[in-house]
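Make a model of the complete structure from these sequences and hints.
These protein sequences, in sequence, are chains H and L. Residues 599 to 1080 (the working numbering) are what the first sequence spells out, left to right. Residues 1339 to 1738 (the working numbering) are what the second sequence spells out, left to right.
FYI, nobody ran anything at the bench for these hints, they're computed from the structure. Keep in mind the model is a prediction, meaning the values are calculated, not measured. One thing to keep in mind: the hints can contain errors.
[What the hints assert, rightly or not] Here are the simulated lysine-lysine pairs, PhoX-like style, with alpha carbons at most 20 angstroms apart:
#1 Lys-1413/L <-> Lys-1363/L
#2 Lys-1003/H <-> Lys-1598/L
#3 Lys-1049/H <-> Lys-1498/L
#4 Lys-1413/L <-> Lys-1498/L
#5 Lys-1498/L <-> Lys-1051/H
#6 Lys-980/H <-> Lys-1530/L
#7 Lys-1384/L <-> Lys-1413/L
#8 Lys-1003/H <-> Lys-662/H
#9 Lys-1051/H <-> Lys-1457/L
#10 Lys-738/H <-> Lys-1049/H
#11 Lys-1457/L <-> Lys-1530/L
#12 Lys-1051/H <-> Lys-911/H
[To be verified] Label pairs and their in silico Cβ distance ranges:
#13 Asp-1458/L <-> Lys-980/H: 37 to 47 angstroms
#14 Gly-1472/L <-> Gly-665/H: 26 to 36 angstroms
#15 Ile-1535/L <-> Ser-632/H: 49 to 59 angstroms
The C-beta atom is built at its ideal place from N, Cα and C for all residues, glycine as well.
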Amino acid sequence: MVGITSYGAYIPWYRMNRTVIFEQLGWFNPANASVARGEKAVANYDEDSITMAVAAALDCLGEKSRGSVDGLYLGSTSLPFAQRQNAAVVSTGLDLPSGMRTADFGGSTKAGTSALLAALDAARGGGKTIACASENRLAKPGSSQEHTYGDGAAAFLTGDEDVLAQFKGSFSVSSDFIDFRRTQEEKFSHGWEERWIRDGGYSRIIPEAVSGLLDRYTLKITDFAKIILACPAAGAMKGLIKTIGASPEQMQDTMIAQVGDTGAALPLMMLAAALEDAKAGDKILVVSYGSGSDALWFEVTNEIAKAQKSNRKGISGHLAERNDLSVYAKYLVFRHLIPLEVGIRGEEISPTAMSALGRDGNAISALVGSRCRACGTPQYPKQRICVNPDCGAVDDMEDYRFSDKVGTLVSYTGDNLAFSWDPPQIYGLVDFENGGRILLDLTDCSLDSVKVKMPVTMSFRRKYADPQRGYYGYFWKAVPVK
Amino acid sequence: MAKGIKNEVAIIGVGCTTFGELWDKDASDLMVDAFQEALQDAGIEKKDIDAAWFGTCFDEVNVGKSALSLTKTLKLPFIPATRVENFCASGTESFRGACYAVASGACDIALAMGVEKLKDTGYGGLPDFGNLLGSQNRAIFANLTAPGGFAMLATAYFDKYGLSPEEGKLALAHISSKSHHNGTLSPKAHLKSEVSIEKIMNAPIIAWPLGLFDCCGVSDGAACAIVCRADKAKDFRKDPVYVKGLQIAVTSGEEMAYQKWDGTHVMPTYRAGCAAFKEAGIANPREEISMMEVHDCFSITELSTYEDLQISPRGKAVHDIEAGFFDLDGQIPCQTDGGLKCFGHPIGASGLRMIYEEYKQLQGKAGERQIEDPRIGLTHNLGGFPCMSVVSVALFGNTL
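Written out as structure tokens, the structure reads:
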């Protein structure tokens, strides 16, 4: 039996009520009143589709052994790098072994299910693969997509042991249906008329995939306990339910009102949410959309009860942790949609030595330090001579990963002089459970909520950008436990 | 057991420029001004100098690397000259080089010069650190600035000793207000205005909990000292100043990586202080020291330094501050010339500026800010951040 062996999700902390956008640009495009409802999840200034994929994959992995994972597939239409494999960045961030198959899937909002299908195919050959989908799409100010798009990620571990949702079959449709398009050189997509996309896209292609799957496996739509249609257009959804013959109770919520249209991540995030409420024996239908459609059939097993008891945050946990982003200009700044006077401190970026990064290996990417075999002291960065003044052992170290450890704040500040896209720059000295201490930036918090001795966990973030040299530097930051 | 250099070296001449935002002067102008003053003070000629040490920190925006800019500017005649850099202790580090050369007998007379031209960087505050802490700085180090690094000292201190932010900031405000007062009596100081406690308390926050007036001036300036062997000093002047102790302590990295340091003080300050007191034979610093110039880059640094130098007991500096112990008319006046806070902080020059002040005070030539009958003066430099620092502590006296 192959299928999903674990699941996880990530939704950024910031949520923006869509009226915040409409209040600023509704004068320009009054028709957006129809989409200016509910809220959307917005990635923090230091997040992108790579960092959110890491967060979702960490939520998925939990206590599971990372050493046995042998593949990572990443689906997204908003990956930061055109060259430098994004999946490899995620994989090294997770401290997964190098004996791995990694691949990026992109080009279409179907990319998330493409990644998941590839992972499930690998499971048939005994593979243990993480399939992530993550999205952080840019929309032009004043567009309806600016209202509807949201940021988020989901991740699944696939394999043939401890399967909690058995993969029973799939049916895919490929179509060069040009609803949205974007070239390599462009920042924003171009779309054709929304009514045509509704009628010729969602309403035609999704049913084609659904009926293809039902026919292939001689199933009825009523066999499914949950149906996931990754159709972000509420207008098309009503008709779709009718077309495929489903009842509204079978339909999994799209979370458009709380998170937004997360593109390639949408069907996977909906599947993660469905699994949080599923029970053994449930049949689940997952249907993506974009340049065609993938329809996937899962059947939930008895393993689900154990999985639901683990301490993952999942969709529901992340939905419960939110912070209002009520200033539209802040959103524009986070997404670099307006030129900001960053001052000389914001302009100065010294070059990053790729060779030094390579030499440091997982020290930077996965926050791996060393632990002294003689005295047991964990330390960061990796040392050859033990930092414990009463020890001083030489070359007697083993690797020690800090990124999955909880820490407490020894001290902190909110620095208004340091350049940050969201000043003040908060940072502090963090002591880790079982030893070790690192000076780290803090994120996803406000200065007045930070206190000495506060517990923090580690989060993989974009630490800096060097646009002149085409580089994003990733590192770990501390996030106060909420 | 090394015996140290107590009473081996004497200062016979000093020079110091006005500090400030000196838009019309570059580093070479400042060096010439400080040097000419010191030559005149010592009553010697340039050819009498056997070797020179040169302290400067930000070479990238300042005078470039090596001692070339010193020797070319002063036209020193093919003598040994060495540039030293040890963050904010660079000035004292150059002084140490000169003193050790004289104490060893390698030289009869040596020059220590420190300079920094910070106001050509385009930054308010110190320039971006870039790769100052190594090529991986940007990749792994927190997005730290100087005020932020020191603000963490305040956060931890307030927490440990149960001070509310208002209580803590009030004590810090007293420190800054005192230095502003002293600065008004210091003709060469960068900032020469009285500032009220209320204004200090309500100033914009630079790095929580530190506000604008908790931060020192960022200045241009140069200072220098000429030293000779102590037994020859009276050949040059009747009132030389003797080096009693001169120590530098550099962290092993323990504070940043080992869970022992509590973040409320500066370990190398304590260690350098202990070593200097031992070298000078000082058993009770609170009773024996007459005055201090400490590295008040931020008000909290000054507070924690009182405790690390064993002047105030741990956790009790606030009491001494509020009792006026460190005021100009207090038991141990601190920052008699305004300190880094108001005299200004051209990094490489600061250690030598402090020595300039102690020298003048010990000679009774400090003008309006002269304190009564000083015997032992202390200078203290702190380079880096509280969590990883280079610290110098030096002691001076007017008798052998």
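Worksheet entry | Structure-inconsistent hints, enumerated in ascending order | 4, 6, 9, 10 and 12
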